[in-house]
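Asks: The listed protein sequences correspond, in order, to chains F and U. Sequential numbering from 1 applies to the first sequence in our numbering. Sequential numbering from 1 applies to the second sequence in our numbering.
These are computed hints drawn from the structure, not numbers from a lab. Since we're looking at a predicted model, the values are computed, not measured. One thing to keep in mind: the hints can contain errors.
[Said to hold, decoys possible] Here are a few chain F residues that face chain U, going by a calculated C-beta distance under 10 angstroms:
1. V292
2. G296
3. G297
4. D330
5. T334
6. S360
[Claimed, not checked] Taking lysine to any residue pairs in the SDA-like style, the calculated list, with each CA pair at most 20 angstroms apart, reads:
7. F/K477 / F/P246
8. F/K293 / U/D61
9. F/K80 / F/A57
10. F/K293 / U/A129
11. U/K165 / U/P153
12. F/K477 / U/R177
13. F/K477 / F/T489
14. F/K293 / U/R177
15. F/K293 / U/K165
16. F/K80 / F/G108
17. F/K331 / U/R128
18. F/K331 / U/D61
19. U/K99 / F/T362
20. F/K477 / F/K346
21. U/K99 / U/P49
22. F/K331 / F/T362
The beta carbon of each residue, even a glycine, is placed where N, CA and C say it ideally should be.
So the chains spell out like this:
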Amino acid sequence: MARATAALVALFLIAFPPLPRAQDNAPPYTLLSREGRRPIPTMTRGGRELIALDDVAALFQVTVRGDSLARAVTLTYRGKTIIASADQPMTSVDGRVVALPGPVVQAGQRWLVPIEFLSRALGPIYDQRITIRPSARLVIVGDLRVPHVSARIDMAGPPTHATFLVTPASRVTATTEGNRVLLRVEGDAIEPTFPPSAAGLIESIHLGDQPDTVVVSLTRAAAPARVATSQADNATRVTVDIPAAPDARPPSSQAQAPGVPGQDTPASVPALGQAMQTIIIDPGHGGDDIGVKGAGGLQEKQLTLDVARRVRSLIESRLGLRVIMTREDDKLVTLNERAAMANNSKAGLLVSLHANGAPSATPSGAEIFYDRLDREGEAARRAAAAQSVSLPVIGGGTRPIEIIPWDLAQAPHVGSSEVLATVLEEELRKVVPMSTRARQQAPMRLLSAANMPAALVEMAYLTNGPQEMQAGTEGFKNGVAQAIVNAITRFRSLTDDRETR
Amino acid sequence: MTRGPIIAAAVIGAILIALLVWGVPAFLSKKTESTPVSAAAATSSPDTPHITATLYYASSDGRYLVPVKHDVPLASGVVEQGRQILLTELQAAPSPYIKVIPEGTTLRGFYVTDRGDAFVDLGPEIVRAHPGGSLNELLTVYALVNAVTANLPAVQRVQILVNGKEVDAIAGHVDIRRPLTRDASLVRERDTNQAPKLKAQKPVQ
């Protein structure tokens with residue numbers, strides 16, 4: 001009897017396989033058209049976002065006909081057809097083969113396709129343009145104007161200072177409504193990049209009820225804000241200055257002016273709250289210094305710059321932080337110049353990107369380095385710590401300044417650099433193969449001169465054939481970039497926790 | 001009458017000198033032949049005196065540094081012996097190990113200070129011909145540092161110079177602006193039979 005029940009259940013499962021469940025954590029996609037906004041139901045399978053073709057049929061007025069025997073599905077729109085086969089990462093669009101980022105999935109009677117199907121396959125035969133903005137979770141149908149608005153809190157203050165950058169340049173009207181500043185950006189919608197957490201007198205930055213409005217909510221301690229707009233480089237810059245209300249006591253943790261640590265804070269330790277607003281990404285090598293070159297021709301200097309650009313765009317769009325790259329293009333930058341750029345920007349952390357090389361083809365996997373001081377370095381650090389000098393500060397009084405030689409700037413940060421290396425290792429381990437020595441401590445020239453938590457990531461061994469092939473793929477570069485951004489996010493939250501403790 | 005003893009003394013003296021001139025090298029060469037020869041190919045000819053030094057090469061899988069016993073010509077004094085050790089380290093690696101110093105790298109000089117810091121001055125080839133990568137660079141740097149410190153007890157730290165100058169790094173990663181101490185973290189004593197016996201051989205002081 002039990003066997004018969006089990007067989008029946010198995011038969012049922014074969015006939016009606018369980019559907020992938022809708023994704024819980026990622027926000028849903030929204031379809032944006034002249035007619036308005038509609039949610040697009042998506043689900044994830046194997047880390048890829050899929051949309052059901054029957055939902056596509058309803059949203060885009062196309063007809064879908066599945067053929068279970070042939071394991072193929074036909075989608076028709078105004079006499080043109082798209083044919084897709086189960087498990088194939090491609091479709092035939094009006095006779096032309098179009099690649100998809102993942103395979104077409106047949107789940108019982110339903111057909112699921114990667115969300116990119118909309119722009120890549122349906123787009124070419126549709127009568128309106130279809131574009132996808134993954135970071136804004138938008139599928140845009142037609143020529144709509146969706147400017148990108150990035151927000152950044154430059155200074156927690158008070159006074160609190162925030163900058164909004166609108167690209168392409170658009171007309172922005174600012175109004176004050178009680179304890180809120182509303183920025184109306186001309187366009188059909190907004191692609192936002194807002195910082196995950198607010199600071200100072202700003203309680204939150206979020207999209208308004210209207211799709212073209214940004215709302216800046218202020219705390220009760222805020223006085224009316226001053227808003228100024230300017231145009232430059234096809235972008236509109238909106239600066240919002242919020243002074244403290246005269247009778248309100250400023251929040252105690254933010255009482256200091258930025259960049260001026262308290263009396264007991266050594267000058268060499270950046271005040272995390274402000275400093276973590278800037279991240280240094282160092283693409284290793286460049287110009288005549290190509291770094292490692294794989295047998296297949298992949299050059300380390302190209303890979304590091306490519307991944308660095310991806311990391312920058314993710315940080316700017318997801319975290320809303322300022323990113324400084326030690327080189328923007330293929331040029332030679334000395335290690336000293338790189339360290340100087342990092343230290344002069346008072347950045348919160350530095351991640352140096354590299355690709356590894358070994359004397360044989362065997363070693364493979366990613367490795368993360370943080371700096372190791374030799375005995376002389378330790379001694380020099382102790383001697384330097386004993387030689388603090390007092391400098392006068394604005395407003396009277398003096399402040400002790402710890403003098404640490406430029407080339408030993410990393411000394412006070414080795415502990416936090418180890419934490420950074422650890423979270424980098426943990427995040428990278430989720431997406432790429434790791435070396436048997438995944439985290440190492442060694443005397444590294446650039447790291448030793450960085451006056452901030454710093455780590456060096458060797459993404460893969462280019463001297464290993466399969467690794468070189470893998471490192472050149474979009475999946476690898478995006479995966480590494482995302483892992484680094486995840487690690488930075490985790491590291492920031494760890495240091496924030498420490499600060500508040 | 002007094003000429004007889006003088007002639008006899010001269011003859012005996014000549015015989016003694018001849019014995020010394022012929023005999024000492026012969027004795028030394030016998031001594032060196034009896035020294036156990038390692039798996040490594042001897043670089044010195046069998047009749048020149050040599051020591052057995054510990055040199056460092058990459059393991060055949062390229063992951064680690066392996067200490068390998070190797071014949072090195074005997075030299076007088078720490079500095080000259082250090083030079084000989086480095087010249088051998090710059091040559092090809094014995095099978096199955098892999099050389100970690102770029103091909104064609106020249107030794108411009110070797111100095112030791114009273115504080116026990118040694119300076120290894122290499123030609124610009126070490127930078128120009130270096131294949132790059134943190135692992136390759138760590139192997140290069142510590143093969144040199146370990147080879148010098150393992151064989152010369154008088155040396156505690158080693159600073160690498162390129163073309164007579166202090167440099168940041170050989171390939172952009174490892175800090176060589178200051179003298180470095182021996183690092184065992186990259187070393188794997190793969191074959192225990194070939195592990196160095198540092199205390200047993202102290203040819204140079």
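Asks: Would you mind marking each hint as holding or not holding in the structure?
Replies: Status of each hint after checking the structure:
no.: 1; hint: V292; in the structure: holds, 4 angstroms
no.: 2; hint: G296; in the structure: violated, 15 angstroms
no.: 3; hint: G297; in the structure: violated, 15 angstroms
no.: 4; hint: D330; in the structure: violated, 15 angstroms
no.: 5; hint: T334; in the structure: holds, 8 angstroms
no.: 6; hint: S360; in the structure: holds, 3 angstroms
no.: 7; hint: F/K477 / F/P246; in the structure: violated, 50 angstroms
no.: 8; hint: F/K293 / U/D61; in the structure: holds, 19 angstroms
no.: 9; hint: F/K80 / F/A57; in the structure: holds, 14 angstroms
no.: 10; hint: F/K293 / U/A129; in the structure: holds, 12 angstroms
no.: 11; hint: U/K165 / U/P153; in the structure: violated, 25 angstroms
no.: 12; hint: F/K477 / U/R177; in the structure: violated, 33 angstroms
no.: 13; hint: F/K477 / F/T489; in the structure: holds, 18 angstroms
no.: 14; hint: F/K293 / U/R177; in the structure: violated, 26 angstroms
no.: 15; hint: F/K293 / U/K165; in the structure: violated, 27 angstroms
no.: 16; hint: F/K80 / F/G108; in the structure: violated, 26 angstroms
no.: 17; hint: F/K331 / U/R128; in the structure: holds, 18 angstroms
no.: 18; hint: F/K331 / U/D61; in the structure: violated, 34 angstroms
no.: 19; hint: U/K99 / F/T362; in the structure: holds, 15 angstroms
no.: 20; hint: F/K477 / F/K346; in the structure: violated, 28 angstroms
no.: 21; hint: U/K99 / U/P49; in the structure: violated, 25 angstroms
no.: 22; hint: F/K331 / F/T362; in the structure: violated, 31 angstroms
In summary, the numbered hints that this structure violates are 2, 3, 4, 7, 11, 12, 14, 15, 16, 18, 20, 21, 22.
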